[in-house]
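In order, the protein sequence lines correspond to chains C and L. In this text, residue positions in the first sequence follow my numbering: the first is 2, and each later residue adds one. In this text, residue positions in the second sequence follow my numbering: the first is 2, and each later residue adds one.
Possibly wrong hints are sitting among the right ones.
[Unchecked claim] 25 Å max Cα-Cα, derived SDA-like pairs, lysine to any residue:
#, chain 1, residue 1, chain 2, residue 2
1, L, 79, L, 102
2, C, 43, L, 32
3, C, 43, C, 62
4, L, 84, C, 59
5, C, 60, C, 99
6, L, 45, C, 10
7, L, 79, C, 42
8, C, 43, L, 63
9, L, 63, L, 20
10, L, 45, L, 113
11, L, 12, C, 88
12, L, 45, L, 65
13, C, 59, L, 65
14, L, 45, C, 47
15, C, 43, L, 82
16, L, 84, L, 4
17, L, 45, C, 3
18, L, 79, L, 25
19, C, 43, L, 114
20, L, 45, C, 27
21, L, 12, C, 62
22, L, 45, C, 88
23, L, 45, C, 62
These are computed hints drawn from the structure, not numbers from a lab.
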Amino acid sequence: ILNVEQSPQSLHVQEGDSTNFTCSFPSSNFYALHWYRWETAKSPEALFVMTLNGDEKKKGRISATLNTKEGYSYLYIKGSQPEDSATYLCALNTGNQFYFGTGTSLTVIP
Amino acid sequence: EAGVAQSPRYKIIEKRQSVAFWCNPISGHATLYWYQQILGQGPKLLIQFQNNGVVDDSQLPKDRFSAERLKGVDSTLKIQPAKLEDSAVYLCASSLNSEVLETQYFGPGTRLLVL
Numbered sequence: 002i003l004n005v006e007q008s009p010q011s012l013h014v015q016e017g018d019s020t021n022f023t024c025s026f027p028s029s030n031f032y033a034l035h036w037y038r039w040e041t042a043k044s045p046e047a048l049f050v051m052t053l054n055g056d057e058k059k060k061g062r063i064s065a066t067l068n069t070k071e072g073y074s075y076l077y078i079k080g081s082q083p084e085d086s087a088t089y090l091c092a093l094n095t096g097n098q099f100y101f102g103t104g105t106s107l108t109v110i111p
Numbered sequence: 002e003a004g005v006a007q008s009p010r011y012k013i014i015e016k017r018q019s020v021a022f023w024c025n026p027i028s029g030h031a032t033l034y035w036y037q038q039i040l041g042q043g044p045k046l047l048i049q050f051q052n053n054g055v056v057d058d059s060q061l062p063k064d065r066f067s068a069e070r071l072k073g074v075d076s077t078l079k080i081q082p083a084k085l086e087d088s089a090v091y092l093c094a095s096s097l098n099s100e101v102l103e104t105q106y107f108g109p110g111t112r113l114l115v116l
């Protein structure tokens, strides 16, 4: 079992604030890194798939970076909105299997 | 395009009872996954199907859990008998194929509470 860690476990931000959180993984097992967003009572939704060291992906106000050498990825949200409130999951893809982190629960306060 | 469907959405049972969950993947998706997410943990893969064959069931507790995908379309996951520690969200996901970078599309999950 590989250890994929996400931090912080939860955070609360004010509407309009920018925020970021971290996914750490064992770099020796890396094939790809996936980010998902999971709103309460809905299905997890794929945000990004990242494969290359130094990769940066962007989707609207959300962006992610990847460092495969040191084994981490950052997810950034610019100008948080209440609809960004969700749990953000990362998953390490080893080529054989997905290993999910425990998620970061984000609450954006209007 | 319809998403991954799961039912029921919620289930409460007593320990030692049996329970079954159903999943209908996105049409045309050959690969189907069942995950278990225990509160405070990340989703853990239980079983992966490619069409109606099992690709990986290494983390499925086979003494009490079983899963099938007989016609290569929808799938059922059964727990018999249930234990308290089986309380979790059971997520079904599907992907077009088993290519490593293929996106997995998730259903809304079934929340199971074992009393």
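Unsatisfied constraints (hint numbers, rising)
Of the numbered hints given earlier, those the structure breaks are 1, 4, 8, 13, 15, 16, 21 and 23, listed in rising order.
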